[in-house]
Amino acid sequence: MSGLPSLFDNIMLGFEVALSTVNLLYCLFGVFVGMLLGVIPGIGVLAGISLIYPITYYLEPVTAIIMLAGVYYGTAYGGSIASILLNLPGTPVNAVACLDGYPMSKQGRAGVALTVTALGSFGGATIGIILMMLFSPFIAEYALEFGSPEYFALILLGLISASTLSNGAPVKGMAMSIIGIIFGGIGTDVYTGVYRFTFDLVGLIDGISIIAVAIGVFGVSEVISSIRNTEGSGFNHQDITFRSMLPTKDDLRRSWKPMLRGAGVGSFFGALPGTGGMIAAFMAYALEKRIAKDPSRFGKGAIEGVVAPETANNAADQTAFIPTMTLGIPGSVTMAIMLGVLMIHGITPGPRLIFDRPDMFWGLVMSFWIGNLLLLIINIPMIGIWVRLLSIPYHLLYPAVLVFVCIGVYSVNNSAFDIWPVVGFAAFGYLMGNMGFPLAPLILGFVLGPLMEEHFRRAMLLSGGDFGTLVGTPIALTVMIMVAMLLAWTVVTMVRDRRRKSA
Amino acid sequence: MANRDMNDIVGGTAIILLGLFVSIYAFTHYDLGTVVEMETGMVPTGLGVILVVLGIIITVPAFFRDGKLPNLDWKQFFAVLASLSVFALAIERLGLVPAIFALVFIARLGDKEFRPVSTALLALALCAIVLGIFVYGLGMPLKIITWNL
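Those sequence lines, one after another, are chains A and B. First residue of the first sequence: 8, per the working numbering; consecutive thereafter. First residue of the second sequence: -3, per the working numbering; consecutive thereafter.
Any given hint could be a false lead.
[Claimed, not checked] Which stretches of chain A does chain B cover? Using the computed rule of at least three CB atoms under 8 Å from a CB of chain B, they are:
1) 182 to 196
2) 431 to 445
[Said to hold, decoys possible] What follows is a set of in silico ranges between Cβ atoms, one per label pair, in the way DEER data are often shown:
3) G115/A to P57/B: 39 to 49 Å
4) D363/A to M2/B: 51 to 61 Å
5) F74/B to L259/A: 42 to 52 Å
Keep in mind the hints are simulated off the structure, nothing from the lab. The beta carbon of each residue, even a glycine, is placed where N, CA and C say it ideally should be.
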């Protein structure tokens, strides 16, 4: 078992890797670009990663993932700026920050809100990273024993939690995950080599690219919704002086506990496969509101309502790497893309990764520290510049976004055909999203479905058709019980809500 | 739409239809195999069936409660999707620059006012940026202008 001495060695190794000039440079680049993209409403993490994605082809795998990770948590930081200043979430994850952040901004306290968010985000990220450092080796060792039933159960848990816990009726969530699984299955059947649902189209033989789905469902459909809402820029320049950014003692006093609570909530939901930053942020906000002495302050500029969700989503961003790197199961949509990037470079995350390539794992973890620190340093002085960026009218931005989307998607396979799924999924995502069908389960189903199917079929194959194998081992059984409890809880709340409505 | 939830009826029905399509297609086109040695068709068929069930669960209660269809931005919807589609058609047949121009112009049709001059300038600027970063900077093999109809 890894004891403290080897943790220290690992940290040293990680720093060695993370502080190499190349990696440092690309980390900075990723973080900066991430912030830039996060600030712009309509471009979220997914769009950001997809746009940077082509560059990764020219890089070493370690550098590539460091850069992408930088973009990843950078966009979360950037997104909060737009939420607070414009009441427009820069990324879907930051939607909660609008609730109290924007009122604070209208009260002239934008600077404080931004500073506190930056600090909270850093704090949340730190806690997430520490957890990752402590728990990953432990989990990975355990996971070496995992077989198909365990993996199947875990992935199922992830999908069910995503379906039932995201906004929208659980039934709709489940339907969306299944649709995602079906779309994920398009392509070549792994076991038999038969083409599935390809309708004789050559472009579909390798399946649909995850980037196309993600960008279509989240990126483009966001753009469609945003065009009307951001006529002009509607942003009145506040002079954000350095002094106006300093929080008062009262602010700090009110903030540190929500920060800790937010970090806790965030770390938990981040690590759980299937849930991520968005749910963490909502839950953290709900928690603060529930335990506040004066809940009516929320929605009107309560600082707790800004700090807690932002801390939570940053913590979740970091801990989402835990299941991804240790088990090879993406903890969220973005993780799924990270996974894809690694696999393209020939690296398969999973329990072996920590042991076979400690340089990659620990280098990545240490780069998180560095990246978050860089963000904090860049963020605070440069807020004025970000603010100016937001006054670029959306009329000019959104065609640019669309152009970059097309180029990004095209460049993956040098194929114009790949753009069509973007169109299709954008339509699907926009229509279904507006009808109350949650979108996150769709993507998770898309990514996790094929994995789940593979493990299901293998489990059946090895057991000779005995379904009992799915609960055969203690871990599999425990996880399946959790799934059952989650489903039961969902049904209970559905019935209770219905009864309440008709009462 | 007094006492029917049109939103969920439309959505639920779409799901039922999708589920039917998937399960019937899979059932008729691919081998099912056995539970032990599953073939291509087994999982999609099963999933399609589950989808139909879920769709029914969504649609049926919707007949008994209130709900409205959402107010969608159809102009923006079609503008954006058309612009992407035209880009996809144009980039290999006409090259990068025509594709970008087409995309920008069509996308801007979805905007409140159509301003031809600023749209043209925007398209020009974007061509420059894309050429600079992607073609010359990163060496992407993109045809700038061509005639390949």
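Results of checking the hints against the structure:
Counting residues of the stretch 182 to 196 of chain A whose C-beta sits closer than 8 Å to any C-beta of chain B gives 7, which meets the bar of three, so the coverage hint holds. Counting residues of the stretch 431 to 445 of chain A whose beta-carbon sits less than 8 Å from any beta-carbon of chain B gives 9, enough to reach three: the coverage restraint holds. At about 47 Å, the CB distance of G115/A to P57/B agrees with the hint of 39 to 49 Å. In this structure the supplied range 51 to 61 Å holds for D363/A paired with M2/B, their Cβ-Cβ distance being about 55 Å.
Between F74/B and L259/A the beta carbons are some 50 Å apart, a value that agrees with the proposed interval 42 to 52 Å.
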